[in-house]
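J.: Let the hints inform the model, and build the full structure from the sequences given.
So the chains spell out like this:
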Amino acid sequence: MVSKKIELMVGLFVAIGIAAILMLALKVANAGIAGNGKTYQLYAKFDNIGGLKVRSPIKVGGVVVGRVEHIKLDQEDYMPIVTLDIYSNYDNFSEATSVSILTAGLLGEQYLGLDPGFLDEELGIGVLQPGDFIEDTKPALVLEELIGQFLFSQDSED
Amino acid sequence: MLERIQSLGHNTISTISGLGRAMMMLLSAILQVPNPKKGWPLLMNQLFSVGVLSLLIIIVSGGFIGMVIALQGYTILVGYGAEASLGPMVALSIIRELGPVVTALLFAGRAGSALTAEIGLMKATEQLSSLEMMAVDPLRRVIAPRFWAGFISMPLLTAIFSAVGILGGHLVGVDWLGVDSGTYWSVMQAEVDWSDDVLNGVIKSVVFAFVITWIAIYKGYDCVPTSEGISRATTATVVQSSLIVLGLDFILTALMFTN
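Chains V and F, in that order, are what the protein sequence lines are. Per this note's numbering: the first sequence = residues 1 to 158. Per this note's numbering: the second sequence = residues 159 to 417.
Errors might be hidden in some of the hints.
FRET-style restraints, in silico, Cβ to Cβ [to be verified]: (1) Val191/F x Ile81/V: 50 to 56 Å; (2) Asp295/F x Gly11/V: 26 to 32 Å; (3) His168/F x Gly51/V: 58 to 64 Å; (4) His168/F x Ile71/V: 56 to 62 Å; (5) Glu109/V x Ile409/F: 26 to 32 Å; (6) Thr170/F x Tyr78/V: 54 to 60 Å; (7) Ala19/V x Phe408/F: 29 to 35 Å; (8) Phe415/F x Ile71/V: 18 to 24 Å; (9) Gln41/V x Asp295/F: 41 to 47 Å; (10) Ser287/F x Lys5/V: 43 to 49 Å; (11) Ile125/V x Trp334/F: 54 to 60 Å.
Derived list of chain V stretches under chain F, where covered just means 3 residues or more per stretch with a C-beta under 8 Å from a C-beta of chain F [claimed, not checked]: (12) 75–89; (13) 141–148.
Since the hints were derived computationally from the structure, they do not count as laboratory data. The C-beta atom is built at its ideal place from N, Cα and C for all residues, glycine as well.
T.: Structure (C-alpha cells):
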C-alpha cells in the first residue's frame, strides 16, 4: 500500500530530524558531557558576592569543576551564603582551599575561582567533606567601593 | 438596534458552537485506539506529504536566516569588540525564537493550507460521506493520521531548521567574516543550555504543531463545501494559525524565559 520510496523518504526525514536534535544537544548545548555527573555540595560565606548568579561556573585554574547551586542570605549576620555544587571526581580539596569571586574579562560574567591549598596531616589540615564551609573567602570587587576607597585615601594624604 | 443585538448573539453562538465542534472532532480523532496494521501506512503517507515535502523550504529558509543573523549580528557586535559572542547570539535567537516561530509560519503556509484544501475538497466531492456510507469512520481514516503526522513532523522540522540555521551562521561568521571556529562553538556551548533553551524550543514547536494542525484540519472538515468555501477555509487556516502562533509565542516566551 505504501510504496518503498515513500517509506525510504520518511525514514530519511525522521533520521535527519533526530540527527538535528542530537546536534543541538551535543554540539550546541553540550549536554551530557559536563553537569550530568554526580556532585557534592560545599558552602562559602562571603562579605559581598557582587554579580554572582546561580549556575555561575566554579573554576580551578580556568577548568570548570562545578556550578553555583544556590545563593541565600544568612538571617543572623546578613552575609550571603553560596552553595557550591562540585563534580564528585574533584573530591580532594584541602581545608586550606580559598575561594574568591572573579570576573571573566573586563565586562564578563562573574565566576568563583577556587585556589586549592595544601594537604598536611601533621598540621591537621584535612580534606573538605561534603557540606563543609570553605573558611577562606575573598569578596567580589565592587567598582564603586574601589573608587570610594581611592578617593578617601587621596583625601587623607593631603 | 434589535437586529444588532441579534447578530451579536448569532456570532457568539456560532463561535462557541464552532469551538465545540472543533473540540469534538479533535477528541474523537485522537482518542481512538489506533489500529497499527491499518494506521501505519496511512501515517506513513501523511508523514511524507506533511513532513518530507516541507523539508526543502525549511532547510533553505533555515540556512538563509542563520546567515542573515550572523551577518547582522557581526556588524553590531564588532562595534563592541565582542564578535566572539556571535555563536551564542545566532544559536540562542534561532533555538529560542526563530526556529519554532518561522518553522511554524512556513508549516502553516506549506502544509496547513494543503491539509485544509485536501480535506475541504474531500468534503465538497462527498468523499467523506461516501466513507461513512461504507462504514469507514472518516475521523479515523482521514483526520487522525493527518493530525499525528503534523504533530510528529513539526518538532523534527524545527530541529532541522535550527541545526541548519546554526550551520549557516557558521558559514557566514567563520568562513566569511573570520570569527574563530573554536570560539564560535565553545562560547555557544557555554551559553546555550540543554533544558532551558533547546528543550523549551522543542516544547514551543510541539505546541505550535498542535495548534496549526488542529486549525488546518478543522477548517477543512468544517468548510462550506463549495469552491468559494474551500478557498475561504484555506485562507482562514493560514491567517488564523499564523496569528495564533505569534500570540502564543509571546505567552510561551513570557512563561519560559523570564524569571
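J.: Look at each hint and say if it fits the structure.
T.: Checked hints:
1. A hinted range of 50 to 56 Å holds for the C-beta pair Val191/F and Ile81/V, which are about 55 Å apart.
2. The given range of 26 to 32 Å is respected by Asp295/F and Gly11/V, whose C-beta atoms sit roughly 28 Å from each other.
3. Between His168/F and Gly51/V the beta carbon distance is about 59 Å. The supplied range of 58 to 64 Å therefore holds.
4. At roughly 58 Å, the beta carbons of His168/F and Ile71/V sit within the given window of 56 to 62 Å.
5. Evaluation of the 26 to 32 Å hint for Glu109/V and Ile409/F yields a pass: the beta carbon distance comes to about 29 Å.
6. A beta carbon spacing of about 58 Å between Thr170/F and Tyr78/V agrees with the range 54 to 60 Å that was offered as a hint.
7. The given range of 29 to 35 Å is respected by Ala19/V and Phe408/F, whose C-beta atoms sit roughly 31 Å from each other.
8. Separation of Phe415/F from Ile71/V is about 21 Å and conforms to the stated range, judged on CB atoms against 18 to 24 Å.
9. A C-beta distance of roughly 57 Å is found between Gln41/V and Asp295/F, which places it outside the suggested range of 41 to 47 Å.
10. Checked against the hint of 43 to 49 Å, the C-beta distance between Ser287/F and Lys5/V comes to roughly 32 Å, which is inconsistent with it.
11. A C-beta distance of roughly 55 Å is found between Ile125/V and Trp334/F, which places it inside the suggested range of 54 to 60 Å.
12. Chain F is given as covering the region 75–89 of chain V, and this is violated because 0 residues of the stretch bring a CB closer than 8 Å to a CB of that chain, at least three being needed.
13. Residues of the region 141–148 of chain V with a Cβ under 8 Å from some Cβ of chain F number 0, which does not satisfy the need for three, so the listed coverage is violated.
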